[in-house]
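Novice: Here is how the chains run, residue by residue.
4 protein chains.
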Amino acid sequence: MSAAKLQAAVIGATGYAGFELAKLLLRHPQMATPLFLAREQTAAHPLEDFYPELAGDTSYPLEPFSWELAKSRGVDVLFLATPHELSRELVPEALARGLRIVDLSGAWRLKEAANRAVYGFEDKDAVVAAKLDQSAVYGLPELHRNQIRDAALVANPGCYATSVIVPLAALVRSGLVDTTRGVICDCKSGVSGAGKKPTQKTHFVETADNFSAYSVFGHRHTGEILEQAGLHADELIFTPHLLPIPRGILSTIYLGLTRPVTPDEIEGVLREFYGDAYWVRIFKHGKLPQVQYSLRTNYCDVGFQLAPDGKRLVVVSCLDNLMKGAAGQALQNLNVMFGWSEREGF
Amino acid sequence: MSAAKLQAAVIGATGYAGFELAKLLLRHPQMATPLFLAREQTAAHPLEDFYPELAGDTSYPLEPFSWELAKSRGVDVLFLATPHELSRELVPEALARGLRIVDLSGAWRLKEAANRAVYGFEDKDAVVAAKLDQSAVYGLPELHRNQIRDAALVANPGCYATSVIVPLAALVRSGLVDTTRGVICDCKSGVSGAGKKPTQKTHFVETADNFSAYSVFGHRHTGEILEQAGLHADELIFTPHLLPIPRGILSTIYLGLTRPVTPDEIEGVLREFYGDAYWVRIFKHGKLPQVQYSLRTNYCDVGFQLAPDGKRLVVVSCLDNLMKGAAGQALQNLNVMFGWSEREGF
Amino acid sequence: MSAAKLQAAVIGATGYAGFELAKLLLRHPQMATPLFLAREQTAAHPLEDFYPELAGDTSYPLEPFSWELAKSRGVDVLFLATPHELSRELVPEALARGLRIVDLSGAWRLKEAANRAVYGFEDKDAVVAAKLDQSAVYGLPELHRNQIRDAALVANPGCYATSVIVPLAALVRSGLVDTTRGVICDCKSGVSGAGKKPTQKTHFVETADNFSAYSVFGHRHTGEILEQAGLHADELIFTPHLLPIPRGILSTIYLGLTRPVTPDEIEGVLREFYGDAYWVRIFKHGKLPQVQYSLRTNYCDVGFQLAPDGKRLVVVSCLDNLMKGAAGQALQNLNVMFGWSEREGF
Amino acid sequence: MSAAKLQAAVIGATGYAGFELAKLLLRHPQMATPLFLAREQTAAHPLEDFYPELAGDTSYPLEPFSWELAKSRGVDVLFLATPHELSRELVPEALARGLRIVDLSGAWRLKEAANRAVYGFEDKDAVVAAKLDQSAVYGLPELHRNQIRDAALVANPGCYATSVIVPLAALVRSGLVDTTRGVICDCKSGVSGAGKKPTQKTHFVETADNFSAYSVFGHRHTGEILEQAGLHADELIFTPHLLPIPRGILSTIYLGLTRPVTPDEIEGVLREFYGDAYWVRIFKHGKLPQVQYSLRTNYCDVGFQLAPDGKRLVVVSCLDNLMKGAAGQALQNLNVMFGWSEREGF
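If you read the protein sequences in the order shown, they are chains A, P, C and E.
The opening position of the first sequence corresponds to residue 2 in the working numbering, with each subsequent residue numbered one higher.
The opening position of the second sequence corresponds to residue 2 in the working numbering, with each subsequent residue numbered one higher.
The opening position of the third sequence corresponds to residue 2 in the working numbering, with each subsequent residue numbered one higher.
The opening position of the fourth sequence corresponds to residue 2 in the working numbering, with each subsequent residue numbered one higher.
In case anyone wonders, no lab produced these hints; they're calculated from the structure.
Where a beta carbon is used, it is the ideal one built from N, C-alpha and C, also for glycine.
One-sided and incomplete, this derived list gives chain P residues near chain C with beta-carbon spacing under 10 angstroms:
| id | residue |
| --- | --- |
| 1 | E54 |
| 2 | F284 |
| 3 | Q291 |
Computed Cβ-Cβ distance ranges for the label pairs, DEER-style:
| id | chain 1 | residue 1 | chain 2 | residue 2 | range |
| --- | --- | --- | --- | --- | --- |
| 4 | P | P62 | C | K132 | 50 to 56 angstroms |
| 5 | A | P84 | C | A278 | 53 to 59 angstroms |
| 6 | E | H233 | C | A278 | 36 to 42 angstroms |
| 7 | P | P62 | C | A278 | 23 to 29 angstroms |
Kindly produce the complete structure, drawing on both the sequences and the hints.
Specialist: Written as C-alpha cells, this is what we have:
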C-alpha cells in the first residue's frame, strides 16, 4: 500500500454490484486497500455478515460512513452503490469536498427532464442538482472516453442500457437504421439484476422453471437508451424479461434498415466504431454470443444475423450484469478517469 | 376397457412428446389401453428402459411396430411422434388402411411448396404426397375445429408455432395489425423442445446458467406461422431462444397497428375470437402470463401491453411445449375428431 | 355438489402446502367445493393475489376465517396449513365444535415432552393440550391406518420425517438394524420446503448453483423420526440439506445390520411391511429412486443397496415434499378417515 | 515470454478440467505460453471449436500431439487431462524422455493392487507400470508436499476424493475417530464432474429439477480415499450423488469418536494439521461451508458440527470440482514441483 496508490471508498458494498466492485478494487494494482462504508450510521460489522463466503477473511471491514472518516483516510474517489435517492443526496456534498465520483445508481444518468420524471427525484437544492444533471458524464467509456477522463461525476450506466446502447450507438449513427420503423429491444436478465433484498419475485420457487416479461413500456432504463442511442420515445420498445439464472443479460434487438446491406457492411460499421475498444467483442455474421461467453468478464459481446433480404437486422448482445453492467464498468471508468489502461485490474 | 372404447396406437412413445401423450391416453376415459409401438423392428421392451420412473409399472409395454399388429389389435387412431421423414413414409399406408391419424411431426403441416422446402422431403410417391399435403388439416382446434372433426390426417402444430399463431390469428384477422411494418416474434423455449437425444446443446453444463438465440431467419416453424397467420415471408421475423428450464414457452410478439386503439379494443378482439375456446386464456390488459402459469396444462395463455400511443402492441403468450405445444394438443385434436368435449381426458 | 358430499375448509391456503391441498380438494370427487379461509380477519380477497396463475379462475375465493362462517357452511373437516402456534390455538376449539381435523403443522405430532420442547409451545389450557397431545394420531397412513380411521385429530407428518420414517419403520421393526451403531439420515430437500415467504435463504441468487447443510443436530423433525421409528436420541443423526430445485426430497439412510443379510431379505422385509400400501413403492435391489420419479405424485419411493459384506445398508427414499410430504398425505389421511380408497382424488 | 519461463503442454484441453487448466496456465506468471495438444492425430484446430466463448481469441491453438513436437518446443512439464487408459500408455514414454508429469486421470493414484482392480488397467509393460505405481506421488500438496517437490510423476487426486481426504486425513490421524464404527461419506457433485461428452445422465431435462445417488459401493474414488485416509475397505461407505448445478462438491461426513470431545478440540486438530496450508479453510464450530463459498477458487473448505453428546461428528467439506478437485490442484502441484508459492497463478 504505497503512498502513491489511489484511495477509494465504496458506499453500499453489501449489495450485489457493490460487493462485486469491492472484490475488483481489492485486486486492482493501482489502488490502496479500499474503504467499505455502510450507509447506516450503525456500529461497524464485517461484510462477512452479508457474504458468509468471506468467513475469516479480514479484507472486508465495513465501517459506518461519515465525511470525516472519508477525509481522515484520504479518499480520492468515491463509488456509490446506493439507491438513487441517496446518490442524489450524497453527490453534491462529495463534489464540494473535492472527491471524484462513480455513481452506480440511476441518479445522474439522464440529461432530459422528461426522462428523469420516472425517478421522481426530490432534491434539496434543485439548482445545484440541475447543474449536476448536465455536468455528469454518462460512464460508457466506449462512447464518452474523453469526457470521463476529466469528469468529477461519472454516472455508471444501467445493465440493460449498456447491452442495448453498445450495438445501437454504432448502428444508429451509421445512418443504416430506419429508426422510424421502430427499434425493438427484447432483453432478458438474470435475477441478480433485481437486487439482494429478498422479494416474492426473487424467491427461488417462483423464479426457477419460470420466465416472464415485466415493466413493458415502463422500465427506468428507457430514458438512458433514448438519450444515448439518439432515439425518439416513440421509436423504441424495450421489454425486460426475468431469466432463471443468477447473472447475465442477453438482448435481442430488431432493426429495419434504410437500404439493403451485406453482412460485411454491418460488421464493418461495428468494427470501425469499436476498433480500439478492448471490452467490446464483435462477432462474425451468424455467430451469436450466448450469456455464458461473457459471464464473470467485463466484455459486451455483439453478434448479428441479417435477413436474406438484407433489410432487416437481428442483433444479439450479451454481458454480465454485475460486470460490464455494473461493477466492471465502474472499474473501467476508474481506469479511464485516472489514465490507466482500461484492462487494468481485470 | 369396454368394446365401445376407442383403440389408439402411438409410434414413438420414447420421445418426450410421445411419452407425454402416452400418459395422457392412459388416463383418457374414452380410450382403450393404448398400444405403444417402437419404430425399430427389434424385440419388445418396456418404456421403463427409457423412463425409469415407470419402474414396476406394467402399463407401458413397448411392442415392435407392424401393420399386422395394428390391425390385429383393432387400432382406430394412430399417433405419430416420429421424425418427419418417417411420418412422410408411414402416413400414406396408414390412410390406405383406414386409420385416422394425428401426426406430431412437421411432415404434413404445410400447404405451400416454398415452405416445405426447408424440410427437403423425399417422397416415394410424390403424387400421393402432394395430395395429402393439401388434404391434411392443420391441427389447431381453435382455428380449424370443423375440418378436424372430419379429417383423416391431422397435422399437429409445432410448439413455437402454436404460441405465435394463437394470438396472431385473432389480431391479424381483425385488420388492426399493420403487417407491412413487420411482425416480430421473440420466442423462448425450455430444453425439452430440443428432444430427448443427448447433444452438446442439451448438456446441463452448457445450458444451465446460459441463454442463447438460435436458427435466426432459419427455423422450420416459420412456414407454419406464415400460412396460419396469413403473413408474407418478409413480414415475419421469428427468433427462437433456448431457456434454461425443462419445459415451457414464452413468446413476446411486437405489432404495429393500423390506427391507435384502446386496450379494451384489443382485449375485445381476442375475447371474441376465442370466446368458446376453453384452452385459450385471455389476460386483462397489463396482466402478462408467465411460463409457470400454464406448465403441465393444455392452456395457451395470451396477455398484452399497449404502448401509451395506442399504436404499438406487445403480446406475450405462454404454453407448455409438451402439452398445448405437442401431446396436449394432440389429445385435444383427438377429442374434436371423435366428437368429445375438448376438455375430456385432461 | 350434492348434499351427500363432504364439506372441507382449509385455513392457510396461501402457503405452498395449503395451495397444493386446495387444488387437490377441488378435484376430489367426494368433496363439496372446499372453503378457503384466511388466517387474518381482513377483507376477502381471491387466492389469485398470491398465485397469479389463477387469474380469472373463480374457484378459489379466500374468505376471512370465523367459527360462525365454518358452522354456517356446514364444514365437516378442517385442514390447518397454519404455523404450529396457530394450530395449537385453533385445534381445541375446533374439536369442541365437533370438527374432524387434519393439521399439517408440527403442532400435534409429538407424544414425548422432550421432543416437543424444541417447539416451545405456550398453550392457554395446558391440561387440554396435554390430553390432545396423546389423543392426536400421527397421520402416516401406512403405519397408523386404523387409528386414523376413527381419529378426530390427525397430525400430518413432516416432509423430511415421512421420507425417513417410511423405510425405517419397516427395517427397524424387522430387528435387522443394529440401531446402537447409529442411524444416519442425510436428507436433501427442494426450496418449497422453506415456505413461500421470501428470505435471504430462498433468494434465487443465493440458492441456485448452491447446496448447503443446515440445522445439523437441531431440526424440528428429529422428534417425529425418533418416536415413529422407535429410536433413542443418541442413535439418530439427521442432517437436512437445501437442494437448488423447487420441490422434492431425497434421503440417503445408512444402517448397520445385526447380521449379514441378502438383498432379497431386505426387499422381502420392505415388501411385506408395505404389501398393501399403494403409495409406497419398493424398488428392486440396486435400482435407486430419483427425485424426478415421484414429483407431483403421492408416492414415497424406497430403494436400497447392500454392501458386499451384507452388513451395511444404504437406503434411498424420495418423495415430493408438497405431496406425500404435505398436501398429498393430508388427502390420503382424509380418504382413510372417511373410508374411501386411499387413491381417491389423486 | 522470457527464456527463463517454464514450458508446459496439456494433452486433453478440450475436456472441462483440461480447459480450466489451460486458462489457469495462460495466466500463470512463471509459465511460457502453454502448448495445447489434441489426443487425436488429426489436423490442428482451435479450442474455439469446443468452447465458442473463445471466438476470436487466438491464445488457444490446438495442435496434434507428437513426442517430436513436444521436444521441439522444449516442453518441461506435461499435464495429462486424458482418459486413464491413455495416461497409462503415455506416462512411461514421457518419463523416459525426461518430462515431469501431472496426470489428472485416475491412472497412477493407487498403491494397492486391490484398489487398482476397479480400473482394470492393461499395461504394455507390466513391470514398468508396477514400478511407476509405487514411485508416483499422490498429488494432494497438503499431505505430500515434500515428495511432490521432487516427483517426476504426480497423480492429481480425484475431485470427490479430495473433498473427503482433506478432513479425514487430519481427523483419522488424530486418533479421535473410531473408524471401526464406520466412516460415512455422503458426497454431492455438480454435473461437470460427469464430463463434457453428452449422455442421457447429463441431459438438462433429466438433471434439472432432479437429484440422485449413483455408484453406491462402487465408485472408483473409493480406493484413493481408503489409501490416503488410512481406512480398511469395510470401514468406509462413500455415496456419490448428482446435484443439478454445473460445478461444486459438498461432502457430508459422519464420524464416531473414541471419546467425548469439545468443539475446540476438533477445531484445534484441524487447524494444527492445516496450519500452513493456504488452500484449506477451517471454519469455526457450527459455521458450515456451502458450495457457493469456494466456487471458482482453489479452496477446500471444512466445517463441522459436534453432537451434544460430544461423541458424534458431522463434517461438511466443499470445493470446486474443476479447481481444487482438478485443474486448480494441478496448478498447485506445479507450484510445489517448481518451488513457487502455492498461490502463484491464482
